[in-house]
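Work out the full structure, taking the sequences as your base and the hints as a guide.
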Amino acid sequence: MAKQARNAKYTSLLTNHREDARSSWKRLVAAPVSSLMTVTVIAIALLLPSFLMVLNANLEAVVDSFRQSARITLYLESGVSVESAAEVSNNLLQRDDIVQAEYISQQQALADFSRRSGLDSLLGQFSENPLPAAIVLTPASTNLALVSSLAEELSALPEVDQVQLDADWIRRADALATALTILARGLGAIFLLGVCFIIGNTIKLGVEHRRDEIRVIKLVGGSHSFIARPFLYTGFYLGGLGGITALLLLLALLAAVQGPVAAFAGSDNFQRPGLAALLLLILGGALAGWLSALLASWHHIRQIDP
Amino acid sequence: MIAFDRVSKRYATGQTALTNISFELQKGELAFLTGHSGAGKSTLLKLILAMEPISGGRLQINGRDMKSLKARQIPEHRQHIGTVFQDHQLLMDRSVADNIALPLRVSAYGEQEIRRRVRAALDKVGLLSKEKLNPARLSGGEQQRVGIARAIVNRPRIILADEPTGNLDPALSAEIMELFRQFRQIGVCLLIASHDASLIGSLGERVLTLDHGRLVNDSGASSHG
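In order, the protein sequence lines correspond to chains A and B. Residue -1 is where the first sequence starts when you use the numbering used here, and the numbers rise one by one after that. Residue 5 is where the second sequence starts when you use the numbering used here, and the numbers rise one by one after that.
What the hints contain is simulated information worked out from the structure, not anything from laboratory work. We put the beta carbon where it would ideally sit given N, CA and C, even for glycine. Treat the hints with caution; some may be incorrect.
[Claimed, not checked] Cross-link-like lysine-lysine pairs, in silico, DSBU-like; alpha carbons within 35 Å at most:
#, chain 1, residue 1, chain 2, residue 2
1, B, K50, B, K136
2, B, K50, A, K202
3, B, K71, B, K31
4, B, K71, B, K136
5, A, K24, B, K128
6, B, K50, B, K31
7, A, K24, B, K134
8, B, K136, B, K31
9, B, K50, B, K128
10, B, K71, A, K202
11, B, K31, B, K134
12, B, K50, B, K74
13, B, K74, B, K31
14, A, K202, B, K128
15, A, K202, A, K24
16, B, K71, B, K50
17, A, K202, B, K136
18, A, K24, B, K71
19, B, K50, B, K134
[As the list claims (entries may be wrong)] Here are a few chain B residues that sit away from chain A, every Cβ distance over 12 Å (derived from the structure):
#, residue
20, T17
21, S41
22, N171
23, Q189
In C-alpha cells:
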C-alpha cells in the first residue's frame, strides 16, 4: 500500500517534470525574438573559444613538425680518425633515444661550407682544413628537457669536442603552443562566465515576470525546487540551444578556413573537432545554462516573500 | 490544531503587533477573529502560516511547535493549511480548474487524482460549470468561491480566511459563511478574520476579539478552558 503510494508519487513527479519541461519550452517559443537573441549571444560566447581550440589543434600539428626538426651536432676532436668516428656514430645509432646519425667528414664539411658560402678563394688560403668532422643526430624525443639532457650526456664522450643543440625552433614552437592554449582556455573561461551571466539575467527577468504566481505557489506550500524547476528547464534549453547554434556556426567557419589552415600546417589533413568535442559543446552549454539558472533562481526566488 | 500560548510578535522595526495571545482551536471548531483594522488579525494569521516567526511564547500548529520548524519544512507545513484571501489571489493567466489544482500540483498528486479532486471542490462551491473559464470572467462572489475551492482541495486540517467576505454584498457573505460552517462537520478547524460585526453576531459562533495586539475577548474561552 505504502509502496503503491510512493510509486504514484514518483509517477506524478515525473508527470510534473514533463509538464514543466513542456511549459518552459512553450514560454521560449512564445517569445521567439528575445529567445533567439539570447541564444545567439550565448552561441557567440561559446563559438570564439571553441574556434580557437580548433585552430590550436591545427597549429599543434605545425608545432610537431618544428619539434621533429631538432638536431644535435657533435663536433669531433681533430685527432679522431674516420674509422673511430664511424664506430662512434654506429654506437650512437644503437641507442633508443636516437633515430638517425649522419657522419660528416672534414672534407665534406669543407665542401658543404664552400658551396653554401661561396668563399672558395678565402678557404684556399688555409694550409689545412679548419673545419672539424661532425656527427649530426636526430633525437627520438621531441621533449626539450629530454633532448637537452641527451646533448649534455653526449658531450662527455672522449671523441667529442663540442656539442651544439639546435633546439631554438622547439623553444619557439613550445612557446607558441602554450600561448595559444592559455589564450583559448582563458577566453573560454571568460566567455563561459558571460554565458552564465546572460542566462542568470534571463532567469531573473523570468522570476520577476512571474512574481505573483510564485507568491501564490509559496502560500499554498510550493517548495523552492517546485518553483525553480521550470526556470532550470529554461536555462537548460537556452544553454543547449546556444551550444547547438555555436556548433553550426563553428562548422561553417571551419569549412571556410579549412583550405588556408591546412596549407599553413603543411598537411592535407585538416584537424576537425571530434564528435565527442562537438557533443561536449552542446552538453557544456546546456550544463552551464542549468547551473546558472540554478544559482539565479535560488537567489531571486528566495527574495520573494509570500 | 491551533494552540497559542502567551504568543507575542514584535517586528524588527520595534513595533509590537501582538502581545501575550493565548487561545486554542480544536478539530472541527470554527472561530471568528475580529477587531479594528491594525489590531493584529493579519499578523496572527501570518504566524500560523509561518510567514513571520513568533517573538515570544509558544505556538503549536497541527501538534508541531513553530519554533522548531525549519525553513525547508515550511512548504510542507503550508500544504496542511488552506488559506482564503480577501483579494482571493487567483492567477488570471490560467483556468479556474488550474487555479484550484495548484495546491495539488505542489504536493505532486497524479493528474487523474487532481482532476477528480478539483471537480469535487468545484462542486462543493457550486461552480462546476465554470471549470474551464478564466477567473477574470467571474463575478467577485464567484472568484471568492474559487479561492475557497483552492483552499479546500488539498483537504487541509486547518482553513484560514482573511476577510473572505470583504468585497461581497450581505447575501453573498452569508452564503460563503454557510459554506465555511459546512467544512467544520468534516473535522476541519477554521479561523476566519473578519470585521463584519453584524454578520459574525448573527451566526452565534465563537469570537476572538483583538485590540491593539491583545486578545481582549474570547467568547468561547469558558467552554474550551
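Hint-by-hint comparison with the structure:
no.: 1; hint: K50/B / K136/B; result: holds, 32 Å
no.: 2; hint: K50/B / K202/A; result: holds, 27 Å
no.: 3; hint: K71/B / K31/B; result: holds, 22 Å
no.: 4; hint: K71/B / K136/B; result: violated, 41 Å
no.: 5; hint: K24/A / K128/B; result: holds, 33 Å
no.: 6; hint: K50/B / K31/B; result: holds, 20 Å
no.: 7; hint: K24/A / K134/B; result: holds, 26 Å
no.: 8; hint: K136/B / K31/B; result: holds, 34 Å
no.: 9; hint: K50/B / K128/B; result: holds, 27 Å
no.: 10; hint: K71/B / K202/A; result: holds, 32 Å
no.: 11; hint: K31/B / K134/B; result: holds, 32 Å
no.: 12; hint: K50/B / K74/B; result: holds, 16 Å
no.: 13; hint: K74/B / K31/B; result: holds, 25 Å
no.: 14; hint: K202/A / K128/B; result: violated, 39 Å
no.: 15; hint: K202/A / K24/A; result: holds, 18 Å
no.: 16; hint: K71/B / K50/B; result: holds, 14 Å
no.: 17; hint: K202/A / K136/B; result: holds, 31 Å
no.: 18; hint: K24/A / K71/B; result: violated, 42 Å
no.: 19; hint: K50/B / K134/B; result: holds, 31 Å
no.: 20; hint: T17; result: holds, 16 Å
no.: 21; hint: S41; result: holds, 21 Å
no.: 22; hint: N171; result: holds, 18 Å
no.: 23; hint: Q189; result: holds, 24 Å
Hint check: violations occur at hints 4, 14 and 18; the rest are consistent with the structure.
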